[in-house]
Structures are given as C-alpha cells and as structure tokens.
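There are 2 protein chains.
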Amino acid sequence: MENKLKIGIIGLGTVGTGVVKVLQDFPEIEIIGACVKNTSKKRSVEVNFLTDDPFVIANHPEIDIVVEVAGGVNPMRDVLKTAIKNKKHIVTANKELLAKHGAELFDLANEHNVVILYEAAVAGGIPIISPIKNALRANKFTRVAGILNGTTNYILTKMEQDQISYNECLTRAQELGYAETDPTGDVEGFDTMYKIATLANIVFGKRIDVNKIYREGITNISDDDIKHAEDLGYKIKLIGLAQLDGDSLDIRVHPMLIPVENVISLIDNALNAVQLEGTPVGQIMFTGPGAGEFPTASSVVGDILAIKSEIKTSDYILPLTRCNHHEYANQLNILDTKSCYYISINAENRVGTIGLIGSVCAKNSINLSNIVQKGIKQDGTAQVIVVTEIASERDMQNALTELKEKGIVINNLIRAM
Amino acid sequence: MENKLKIGIIGLGTVGTGVVKVLQDFPEIEIIGACVKNTSKKRSVEVNFLTDDPFVIANHPEIDIVVEVAGGVNPMRDVLKTAIKNKKHIVTANKELLAKHGAELFDLANEHNVVILYEAAVAGGIPIISPIKNALRANKFTRVAGILNGTTNYILTKMEQDQISYNECLTRAQELGYAETDPTGDVEGFDTMYKIATLANIVFGKRIDVNKIYREGITNISDDDIKHAEDLGYKIKLIGLAQLDGDSLDIRVHPMLIPVENVISLIDNALNAVQLEGTPVGQIMFTGPGAGEFPTASSVVGDILAIKSEIKTSDYILPLTRCNHHEYANQLNILDTKSCYYISINAENRVGTIGLIGSVCAKNSINLSNIVQKGIKQDGTAQVIVVTEIASERDMQNALTELKEKGIVINNLIRAM
Chain A
1 MENKLKIGII GLGTVGTGVV KVLQDFPEIE IIGACVKNTS KKRSVEVNFL TDDPFVIANH
61 PEIDIVVEVA GGVNPMRDVL KTAIKNKKHI VTANKELLAK HGAELFDLAN EHNVVILYEA
121 AVAGGIPIIS PIKNALRANK FTRVAGILNG TTNYILTKME QDQISYNECL TRAQELGYAE
181 TDPTGDVEGF DTMYKIATLA NIVFGKRIDV NKIYREGITN ISDDDIKHAE DLGYKIKLIG
241 LAQLDGDSLD IRVHPMLIPV ENVISLIDNA LNAVQLEGTP VGQIMFTGPG AGEFPTASSV
301 VGDILAIKSE IKTSDYILPL TRCNHHEYAN QLNILDTKSC YYISINAENR VGTIGLIGSV
361 CAKNSINLSN IVQKGIKQDG TAQVIVVTEI ASERDMQNAL TELKEKGIVI NNLIRAM
Chain B
1 MENKLKIGII GLGTVGTGVV KVLQDFPEIE IIGACVKNTS KKRSVEVNFL TDDPFVIANH
61 PEIDIVVEVA GGVNPMRDVL KTAIKNKKHI VTANKELLAK HGAELFDLAN EHNVVILYEA
121 AVAGGIPIIS PIKNALRANK FTRVAGILNG TTNYILTKME QDQISYNECL TRAQELGYAE
181 TDPTGDVEGF DTMYKIATLA NIVFGKRIDV NKIYREGITN ISDDDIKHAE DLGYKIKLIG
241 LAQLDGDSLD IRVHPMLIPV ENVISLIDNA LNAVQLEGTP VGQIMFTGPG AGEFPTASSV
301 VGDILAIKSE IKTSDYILPL TRCNHHEYAN QLNILDTKSC YYISINAENR VGTIGLIGSV
361 CAKNSINLSN IVQKGIKQDG TAQVIVVTEI ASERDMQNAL TELKEKGIVI NNLIRAM
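Protein chains in written order, with the numbering used here: chain A, 1 to 417; chain B, 1 to 417.
These are computed hints drawn from the structure, not numbers from a lab. Some hints here could point you the wrong way.
Treat identical chains as interchangeable: a pair holds within one or across any two.
Stated by the list, open to error - Computed list of lysine-lysine pairs in DSS-like fashion (alpha-carbon distance at most 27 Å, straight line):
#, residue 1, residue 2
1, K41, K6
2, K21, K140
3, K37, K6
4, K338, K212
So here's chain A without its partners, still in its complex pose (with noise of 0.2 Å):
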C-alpha cells in the first residue's frame, strides 16, 4: 500500500462530501484530512481529521494533491499558493479564483512542477477541459457559449413552462434549494463570467481579464420577454459567450434569444451545456448536469485518478495540463462587437410609430427581421416587439438613445444568437 496516493480536502460542503463518498470506491486513494468551518458539526461522512485552518491541509507533510471545494477567493488564493509551495497538486473547483488569480497559481504551479486541474470548475460533471486539451487538441477554435450556471437555467425554463415572473420562480428556486439566500452570484451572471473566462482561457490559450468582461444577468427578463421570443421562434437563455474577432476577443455574459433549432435552446432545467465551434472538428456540443454533490465529484474525483496514474509511474507529469500561455487576450468592448437584437418597446399608440422605429433603426445602419406590435396596454400605448438582423452594439445604443429622445419607452434589450 505505499503506492496509495494521499489527499487532503478543503471543504465538506456538498460537493467535499461528494468526493469522500465517491472515494470510498477507490481505495488506492487515501483522505488524510479535511478542513471544515465546523469541526464539530455532525456529518454524513467520516474522515481521519478535521480542521477549520486550511493551511494545515496546504502544510501538511503527507499530503500529496490538495482538493479545494470550498471556493471564494480569500483565503484560498494564499491556501494555494502555500500548497504549491508545497509541492502539492491542486484539484479545485473554484471558478471565481481561477478568474482572478489563475495567472498567478498557474505561474507558481510551474515554478514547483506540480498540476493544477479543475474539470469541476466548469460546468460541473460534464468532461470539457479535458476534452479540449485532450481529444480536440487538433483544433483551432473560434467560438464556445455555453448555458454555464443551472440556477438561472432553472428559473428561466420555469418562467416559461409555467408562465410565471422572474421573482416568483427565484423564490420558488430558493426554496427549493436551487438558489442561494443571496442570488447575486448566480442571477447577476457573476458564476456564469467566472466559468467563461475559464473556458476561453484554455479554448483560446490566452489570458482572459475578468474584469473587462461584459455582464448582465436575468433579473430584467420579464415574463412577456420569454412568451414574446417563444413567439418568435427563441428561448431566452443565459450565455457565457468568448468568439474570435480578427486577433480580438469578443467575451461577454448576458441573456440571449436562441432559435429553437439550435440545439442548445433546448437545454433546460438545471442542465448546462457547452458549444464549441473550431477547425477541422466544426461545432460540437456537450450537455450534462452542471453542478450537483455527485455530478461536480465525478469531474473532482476524475482529475485526482488523472494525477494518480501519472505519477505512479515516474515523475513526469503530463505537459497538457500545464498553462504555459502568458500572452493577455485583447478583449473587445461591448460597443465593438455584433449582434441580433430583441427590443421590447412601449409606444404611443398613434399613426407613424412603428415607422418611427423603423426609420431611426435605418438611419444606425440597423436591419430589422422582424416587427410586430403586440396590442394595446391599459395606459393605451402600444407594445412593439423588433428583432434586429446583425448589427453593431456602438450603433444600436445610438438607436435607442435616439428613440428615447423621442418619447419611445424601451422596456427591454436582449441579444439574439
């Protein structure tokens, strides 16, 4: 048994708990400890020794690979990196410091030739990170949106199915237990941001700055918005989107309208799914639970067994789970990049609106696909729904500035796909 590999674990929340009980199947893997809030908190599963201090996990002299599933940023960016230091290497499932401080730890990781692996970091139990450096490595991409944070899935495929408003589904997700006390992270597109600069990280070899990436969440989509696009063809999902624009990156989270003949349209629920568009492969799709105790511990649990059977047999680990690009992508502003757009507008309901509209699109060099007005509310304006062809964001924020100045009251925006 000197061949058994030895881990530490740092959060026994839902996913930790997860992984002790997948462990229990592989005995060649040995828990020495884990690092909890509460040490004295009852728990489903049993392990060696607890401590609330990480840095006894990242200090620790037997510990072989560090398993972070506690997620946040302070203090596990210096529980790490003192892990690293440490000659550990680290399986984690948190989005939001490899956003941050990814450069950082990838940096450090090879300056002590230890791995950082993270399948669990996004979209939960489906296998994308290691199919793009594996099975894909052939290819040059230049596209990957994916549907990456099941609570808004949920709510939006609720307010749809049962044609009820965003706070009633939030509520009913919460109780539920599908959203958090503070929905922030996941209704605002912050969980869904993290994961994508993640993705475009590896897909693009290039660093992503989270902080230049454009973000709107769901909070403003209304129940008309998703009857109104279900009208029109579209399901209205949340989208974590990174595309190749010249040398550029165009990289951004927010609702999208998606034709229902994409198949991702149809990914509902609690599911995520992931697209990829490259050469030669063309576009593949993966689809899985995206979170979940077993679902994230398959991704956790599979990266620990990757490390295992590595290092088993020499000292030589894998060049492919490096991250040796230093180069930082040149992310486009919102304003430089293109799209199709859904308006939701309130107008008076009087001769000349709809042509209104029509003319202050023409003059921003805005085609329209489609206008339909949608009858008369009680305060007798009239609802008019516009979906646009392809058009640049610089000249449709004109649009609407323009139409504002003219009395038009814009209820909502949203991109096509």
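Mind docking chain B on chain A? Use the hints.
Okay, now just chain B, sitting in the frame of chain A:
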C-alpha cells in the same frame, strides 16, 4: 528536427486526405508515405511516396505510427498485426475491424508495448473514447445510447421534414453523396453495430461478441410510422444501445421512438450524438458531426498528437490507452430484453378489434399506454397505433404471433425509449 514523429497513412480517401491537410499545421509530424489503391490518380494533397501495398507502410523502418483510415477487415487485420509486431503505434478509424478483431489486436499491442488509438472510429469528430477513459474515469456506467450513423439520421430527418418515403430519401442521400451506391452497411445498421460494440467495450470494460448483437436497420420505417410517431410526441432514430441488466449486457441496434423531451430526439440530419449514464456523473450527452473529412481528421490528428506528447518525453505510454480487459460480456438475447413498443396494425374495421388487441396484450402481460385508431384505409381495414408500457420482448413476440393468428396485420413494430 530529430524529434519529429513519423507516420505512414493507409488510405487517402476523404478522411486520409483530411488528415494530410490538417497535419500541414503540425510540422512536428512528418508523413513518410501513404498507401492508396491507385498510385497514379491525381490527388489534392501531396505525400513523399505512394504505394499500393499496405505492408510497405506496416514494414517501413522509419514509421513510428501507422494511421489506418482505409477500412474493412481484409487485408487490414493482417496489415495492422504486421505493423504492431514491428512496434508501430496504430491510429485507426476502422470500427469494423475493432468490433470484429479488437481483442486480438489489443492483446498483440500490449505484448509489443504499443498502443491502438481509435477516437475517429466512433462518432467522427465528437470526443467520446478519450473522455470516457480520462475525465469520466471515476464513473461506473450503466448505459450508453447513441445516434452513431449520419446517413441513416439524414434519411430519417428528411423523411420527417419533407414527408417523403424511405426510398425517395435514400435516392436523394445517394445523389448528395451521403449514402453509398450499396447502402447496406449504413441502412441495415452494420455501421452502428460496429460502433456500439466499440463503445460498449470501453464503457463496460468487457469484450463484446459482435455476432451476438441484435440488429435491425431503417428500411422498414414508413413515412406513416414517422407521422404517427410525431403525432404521439416522438421522433424515430436509429439507435445503438448498450445497457447493464444485472450482470448482463443488453446491447442492440434498431430504430427507436424517442420522446421529444429527450434531447437526443432533436439531433437531426447527419449529426451524431452519444448519451452516457453513470455514477456519479448522471446523464451526459455529446453531439456533433459524426463523419466527414475534417471532423474525422480532428480525432485522428488528436490521437497522433496524444501519442507524440507521450513518447517525446519518455518511453512510457499512457496505461489508459491500453485495453486490459479480457472477459467477454454476458450479452442478452433480444428476447430477454425489455422495451416500450410502438405497433402499427391493420385490422378489419369492425366492432371489437381494439378490444381484441387490448385483450391479447393484457394476456401477455403487456400494458398499453396509448391506442389510437387512424381511420379507415381504402381496403376497408382500420389502421390502429398502439404504444405499450415497458414489456418483455418475449411477451411482445408472443402477442404479435397471437394477433397475426387472429387475422390482424402487423405493419411494423418499433421499440421506444
């Protein structure tokens, strides 16, 4: 440049040509020569030397990897055995050879310390073999099901969308080059059978006897069946399925009705898809192009680069790329499997027919979930569509025999997911 990896290619058809084109971006890989049927034919790619004898490639002293994209059992079985004995690694897309003689080839490869990689053999450009062996390695799988043949999926999609017959679709697919002049391998399910055998082999870690796989193609699917299925909320797809039933393996190939809520029902045209179910991951699905010059080259070149990244640093080859299981799966006879069923029936249009169908099914322990009379045909018979709950194939075959004895004409029996 002493570190260049040297390959020989057998087959310069669509896939082989794609591989040569893609490798132009990888100067670390050198193509020594290629084997083709006709060495004087004009080609869109250039290779150092051409031969029409595959053994020249298998015996060439400079070649490190033999890339076999010619297909077929003869002479490739002997060619690859020769190459392996010459200590060459193999990258192949030959699902028929792997399904029929994989055991022999993998044993020989282990003996000679070389690997056989075959990502391109199943689902073209979709990474599936490598994710199962790598990111998903913590899982015990219970089920794999897939749309594994693009030609038949194209035909079924067109039959549905354009409401035309199988024969009309086949002709169109042949004109477009999606189907071969002799379409047997695709439309009778042989191609899907080889692929599900290859998949089941690694998903369940057991050898598969391809001769014991139940197989049905799509030639009996009528435009009526497709329409009736649609009315009931299903699409018809040709499915390769392998699932555990206790210690036995239920592995088969046949058309299936898929509920439209199941994402796999929406994988249309020439796309492929693979659904996996396991613990701890749950259910995941991969979809993308299952064939074609460039998607398939993505997988072939991915395998070549995987071998390169291993052998450039040491003489150690990934243990995961070996095939170390020797036990054969206990494959169920189709009569011992269970499914839901769709039955299209022609019966005399008289009182009691539906009652008769119901009572014969009930007598054979088959519960019906749906029974619809589809109107009277010109010959005076009534068409009745029955969908059952899950039932045993043996019971179902007994019920069909009994119904036929009572003068009822069975147009088609299609299993449902």
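*Structure versus earlier hints, numbers of those that do not hold, lowest first*: none
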